[in-house]
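With the hints as extra help, turn the sequences into a complete structure.
There are 2 protein chains.
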Amino acid sequence: MSTRAQEAPDPQRELEARTARLRVADVVGNLMEFWGFKRGMGRVWALCYTSPKALSAADIGAELQMSAGAVSMTLAELTKWGVVRRSWVPGDRRDFYEAETSVWKLVSRVVRERELTLVREAKESFVAADRALQLAAQGGTPEEKKRRAFERDRIGQLRSIAETGESLLSALVAGEAISAAPLAVLGAATALYEDVTRRRRR
Amino acid sequence: MSTRAQEAPDPQRELEARTARLRVADVVGNLMEFWGFKRGMGRVWALCYTSPKALSAADIGAELQMSAGAVSMTLAELTKWGVVRRSWVPGDRRDFYEAETSVWKLVSRVVRERELTLVREAKESFVAADRALQLAAQGGTPEEKKRRAFERDRIGQLRSIAETGESLLSALVAGEAISAAPLAVLGAATALYEDVTRRRRR
DNA sequence: CTGATGTTTCAATTATCTCTGAAACATCAA
DNA sequence: TTGATGTTTCAGAGATAATTGAAACATCAG
Chain H
2 MSTRAQEAPD PQRELEARTA RLRVADVVGN LMEFWGFKRG MGRVWALCYT
52 SPKALSAADI GAELQMSAGA VSMTLAELTK WGVVRRSWVP GDRRDFYEAE
102 TSVWKLVSRV VRERELTLVR EAKESFVAAD RALQLAAQGG TPEEKKRRAF
152 ERDRIGQLRS IAETGESLLS ALVAGEAISA APLAVLGAAT ALYEDVTRRR
202 RR
Chain E
2 MSTRAQEAPD PQRELEARTA RLRVADVVGN LMEFWGFKRG MGRVWALCYT
52 SPKALSAADI GAELQMSAGA VSMTLAELTK WGVVRRSWVP GDRRDFYEAE
102 TSVWKLVSRV VRERELTLVR EAKESFVAAD RALQLAAQGG TPEEKKRRAF
152 ERDRIGQLRS IAETGESLLS ALVAGEAISA APLAVLGAAT ALYEDVTRRR
202 RR
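Chains H and E are the protein sequences, given in the same order.
The first sequence begins at 2 in our numbering and counts up by one.
The second sequence begins at 2 in our numbering and counts up by one.
Check each hint, because a few of them may be wrong.
In this list, chains with the same sequence are indistinguishable; a pair is considered to hold if it fits within one copy or across any two.
Stated by the list, open to error - Each computed DSSO-like pair below joins lysine-lysine, with the alpha-carbon atoms no more than 30 Å apart:
hint	residue 1	residue 2
1	147	124
2	39	146
3	81	146
4	147	54
5	124	146
6	106	147
7	81	54
8	124	54
9	54	39
10	146	54
11	106	81
12	106	54
Hints in this document: simulated from the structure, not taken from any laboratory.
As structure tokens, then:
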């Protein structure tokens, strides 16, 4: 037995550790993909997040097997979302990147710019449809009027769902606390369900 | 001026009403797509939902410009998910379909389940990575140990987020905790955020 | 049974994303 | 200025996913 066994790096274990970190990057990539981002964004972010020192683009490409171009584009996107930031190392021409650790920052931006936009668009189209049907219902036979009334009612349901969703998401985004976007959004979905159920029962 | 102007269907307004309904189908399609379903599923469901009478596959195809094959597959999928159901019209060979009105319940459940799977996978890989890093950290220089410690800490952060998320999602999926839901979820999410923040600061 | 009508299936096409690789660009040192 | 180094851009390749169209299948009436 060597005198200081615990200081000899074990190649086998080194490899396992590296593999495990890459696996972490991958599952984070899967989650990010689930939320509508590119897989690569999650992978790169996770690699940065688990790295003690800021990484260069070349480091990232080497570790994650991505081309320079892909790394550049991914970092640009992550930076735009504010979840990764550049850091300069004096005397080094390369750019380095480190992960933003505040998950909420990411979440609130995501919610604001993605879900909220979608929901708003939806609401607007429901409102517009309601108006159009209202106008169309002014003419026609009684039967047609009845049909229009049904359509308006259903679209009104959708509209109220969208409005509830919109205010919930707004509230979420406005608040300074809360992490874990997915869960928060699920909360919103649940609320929507409640709302619809209640309205249907009345 | 005609004697009963309000009963004459206005072609212009008819067209606008139809366009508006199609637009509604489209935005619902977008939302569904965002939640991980196919776009067409949302469009077909929305068309059925806003229709006073059950629609035949041919109706749907004509309205949404989909091929018979696409309509058939989409309806099969919607039926499988239980958000659309067949209805028979006596003396008519065709199948008719109408929208299940409690879609949001189903959709949100499905989304939660999917996410739960992902989160579980993530958690497992975090745990595995933590173990691997722990083993690797047994050897190496003090500097390497420090690096491993950082990595473990960060992965521990991810792990705690995943664990909280997992239990929250489990509760939501399993329970009819749905009724208590929105605020409870927000509360839990907030607690989660607090927890992560506290851990980071120590 | 046969033909008419409607539905389902699936291989092939088409559309949509992502990534690559190379060129253009930028910056700095010598 | 020139060359070395690093970054960005983007047309095209490659991978995935959605859609079509036609054939197979199912059902019913005559």
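Evaluation of the provided hints:
{"no.": "1", "hint": "147 - 124", "verdict": "within (23 Å within a copy, 52 Å between copies)"}
{"no.": "2", "hint": "39 - 146", "verdict": "neither (47 Å within a copy, 33 Å between copies)"}
{"no.": "3", "hint": "81 - 146", "verdict": "neither (50 Å within a copy, 34 Å between copies)"}
{"no.": "4", "hint": "147 - 54", "verdict": "between (67 Å within a copy, 12 Å between copies)"}
{"no.": "5", "hint": "124 - 146", "verdict": "within (24 Å within a copy, 54 Å between copies)"}
{"no.": "6", "hint": "106 - 147", "verdict": "between (48 Å within a copy, 28 Å between copies)"}
{"no.": "7", "hint": "81 - 54", "verdict": "within (21 Å within a copy, 47 Å between copies)"}
{"no.": "8", "hint": "124 - 54", "verdict": "between (45 Å within a copy, 24 Å between copies)"}
{"no.": "9", "hint": "54 - 39", "verdict": "within (24 Å within a copy, 41 Å between copies)"}
{"no.": "10", "hint": "146 - 54", "verdict": "between (68 Å within a copy, 14 Å between copies)"}
{"no.": "11", "hint": "106 - 81", "verdict": "within (12 Å within a copy, 35 Å between copies)"}
{"no.": "12", "hint": "106 - 54", "verdict": "within (21 Å within a copy, 45 Å between copies)"}
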